[in-house]
Every structure is written in structure tokens, then in C-alpha cells.
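> The task is simple: from the sequences and hints, build the whole structure.
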Amino acid sequence: MRVRSRLPVILCAALLFGCASSIDQVMQTDQSAVQLRSYQERAFDTADKEQTLRSVIATLQDLGFVLDKADLDLGIVSATRLSGYQLRVTVTVRPRGSSQMLVRANAQQGERAVEDPKPYQDFFVALEKAMFLTAHEVD
Amino acid sequence: MSAPSATRGRLRRVALMALCFLLVAGCATVSDNSMQLSADSLQLRQLQTRRIEGIDEPALLAASVGVLQDLGFNIDESEMRLGVIVASKDRSAVDLGDAVGDMVADSLFKAALDAMFSALFGDNFDEGDDDDDEDIVYDVTQKIRASIVTRPAVDSSGQPRKDAQVIRITLQRLVWDSEGKISHAESIEDPKIYQRFFDRLSKSIFLELQAN
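Heads up: the sequence lines are chains A and B, in that order. Under this note's numbering, read the first sequence as residues 1 to 139, first letter to last. Under this note's numbering, read the second sequence as residues 1 to 212, first letter to last.
Careful: at least some of the hints might be erroneous.
Take a look, some chain A residues computed to stay more than 12 Å from chain B by CB distance [what the hints assert, rightly or not]:
#1 D24
#2 S32
#3 R37
#4 S55
#5 Q61
#6 G64
#7 R96
#8 R104
#9 Q109
#10 T134
Derived coverage of chain B by chain A (criterion: at least 3 residues anywhere in the stretch with Cβ under 8 Å from a Cβ of chain A; other residues may be distant) [unchecked claim]:
#11 58-69
#12 162-173
#13 176-187
#14 200-210
These aren't lab readings, by the way, just hints derived from the structure by calculation. Here a beta-carbon is modelled for each residue, glycine too, at the ideal position from N, C-alpha and C.
Written as C-alpha cells, this is what we have:
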């Protein structure tokens with residue numbers, strides 16, 4: 001009986017540790033930089049930074065986001081979607097060589113980084129359509 | 001004395017279970033299709049988009065800022081070269097509908113009962129009952145956010161035009177309840193709201209073009 005009544009406490013503690021906590025979160029990431037970039041980053045065959053950013057913005061609006069921030073010089077767009085939960089995404093666009101643009105997205109849902117490749121793949125599929133260009137994987 | 005403490009124990013266990021559930025939910029990752037375009041995406045795009053003839057991009061952005069100000073929004077962010085304006089406003093979310101009427105009636109009735117019992121059984125009668133009064137939770141405040149994005153319309157050969165623009169606005173809101181918790185976090189998808197915005201925009205564009 002005693003053990004059974006303690007069970008929820010133990011379970012909660014385990015879950016808390018599973019999520020990691022507190023100050024460790026500052027530098028916390030579950031995957032290596034190389035792994036993250038493999039699905040968060042794609043290259044497009046265009047030298048037009050402004051057009052790429054405009055396509056990113058249009059794609060985010062299509063996906064139901066409201067913008068938070070946009071900066072052409074830095075090549076940054078941030079946006080938030082509210083649908084029961086908060087999904088926040090930042091997309092950066094910077095030149096890669098003289099003929100390509102490198103697009104990188106990272107997202108968080110609620111208090112968690114989105115580290116499942118699938119949503120990023122879907123984002124780049126949507127972006128490809130807006131850009132009329134193919135997204136190349138970057139090695 | 002043993003009966004209330006057993007009840008309390010059970011309550012505590014339920015609370016812990018609820019906490020566990022919340023933690024599990026907190027750990028859950030984004031649903032797989034969150035970044036996929038759906039059939040609704042296209043419909044929403046039409047709702048939120050208009051093509052405007054006879055205006056250049058800076059003038060359309062200025063007219064849009066005018067409408068946002070008319071509607072009481074403050075501008076949070078703008079990047080003219082990308083055709084982006086972000087605005088928000090904080091407003092009351094108290095709905096003076098039946099729900100609130102019921103709640104007020106409910107709490108008045110409760111207060112009357114409490115007063116009666118206090119008079120009958122002494123002042124401390126409802127001491128352990130305080131939590132019940134906080135059970136009435138209602139929406140108090142909301143933040144409404146808008147992003148407006150413009151781009152030059154393209155001509156038949158695919159070249160951007162200076163004198164025709166495409167504008168899209170997306171709206172969302174966060175609502176907090178009387179306990180300070182977020183009760184709604186949603187995209188605004190009501191066609192009437194977008195229609196009203198674009199009606200106002202037409203008038204603002206007219207004024208903008210007259211001014212120049």
C-alpha cells in the first residue's frame with residue numbers, strides 16, 4: 001500500500017529528470033550541430049536574398065504563422081503560430097558562395113526544441129513550391 | 001478525523017497524477033504534420049489576401065499602418081524592404097455574454113449562502129471552503145497580433161509590377177483567464193474579420209493616394 005501510494009511521486013520525479021531542468025537547459029541540445037543542420041538547413045540555387053526571404057515569409061503565412069520579426073540585412077525571419085500550443089520558428093537566409101542561398105530553420109513548441117526532422121522536411125517542401133526551386137541538402 | 005485525511009490523501013494522489021500527465025504532455029513533440037500545407041491553407045490564403053491596383057509598395061505599407069492605427073494596434077516591428085509590418089494590441093477578453101451573467105449570479109448566490117451559514121454557525125464556517133470561490137475562471141485579457149506582408153504583383157511575363165501589390169494579413173490571439181493562465185492560443189480564421197479589415201484598407205488607401 002505504501003509503495004503504491006508513492007508510485008506517482010516516483011514517476012513524476014523520473015519524468016522531471018527525463019526532461020532535464022533548470023540552468024542546464026541554457027546549453028542543452030539533444031543532437032550534434034552536424035545532425036541538427038542536416039535537416040534544418042537547405043541550399044537553393046539563387047543569389048537573390050530578398051526574394052528568398054519573401055518566399056520564406058509567404059510560406060510561413062501559408063502555414064498559419066504570424067510574423068514576429070524580419071530583417072533583410074541579417075537575413076532573419078521569426079514567426080509564431082498559435083493553435084492550442086505555441087510554435088515559434090526562426091528562419092535565416094544567407095549567401096553560400098556566389099550562386100546559392102542557405103536557408104536554415106529552427107523551431108520550438110511550447111518549452112521544447114523541435115528535433116524531429118519531419119516538420120523541417122515539410123517546411124522545405126512548402127518553401128520549394130513558393131520558390132519554384134529545389135532544396136538541396138548541404139553536406 | 002481519519003475520514004478527511006483519507007480524502008485529502010486521495011486528492012493529493014489525483015493532483016500528482018494530473019501533474020504527471022502534464023509533464024508527459026510537456027515532453028511530447030510537435031505533431032508530425034504541423035509544417036504540412038493542408039487544404040485549409042489555400043482557403044485561408046484567399047481569405048487573408050487581396051490584390052491592390054494602382055499603388056506602389058511603400059504607399060500600401062503606409063496605408064496599412066494607418067488602418068492598424070485606426071484599429072488601435074501598436075507597431076512592434078517593420079521591415080519595409082521585405083514588405084513586413086507586425087502589430088499587436090492588448091484588450092479586455094471579458095465576454096459580457098451569458099457566461100459571465102451566470103457566473104455573477106452564481107457567485108452572488110454563493111455569497112448569500114455563505115453569509116447565511118456564517119450567521120447561523122459562526123464566522124469560521126466556510127474557512128476550508130475558500131478554494132471553491134476560485135473555481136470560477138473566466139477570460140480576462142487578450143493580446144491580438146497581426147502581421148501584414150506585401151509583395152509586388154507580377155505581370156504576364158513574371159516581372160514584378162510597381163503599380164500593383166498583393167497584400168496578406170494574418171491574425172492570432174492569446175487569451176488569459178482570471179487565474180493568469182493562457183486559456184486560448186489560436187489563429188483567427190473568421191472570414192468576417194478579414195473582410196472588415198480589407199474594407200477599412202480600401203478607405204485608407206483612398207486617403208493615402210489623395211494625400212500624395
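> Hint by hint, where does the structure go against what was stated? Just the numbers, ascending.
The structure conflicts with hints 4, 5, 6, 9, 11 and 14, although it agrees with all the remaining ones.
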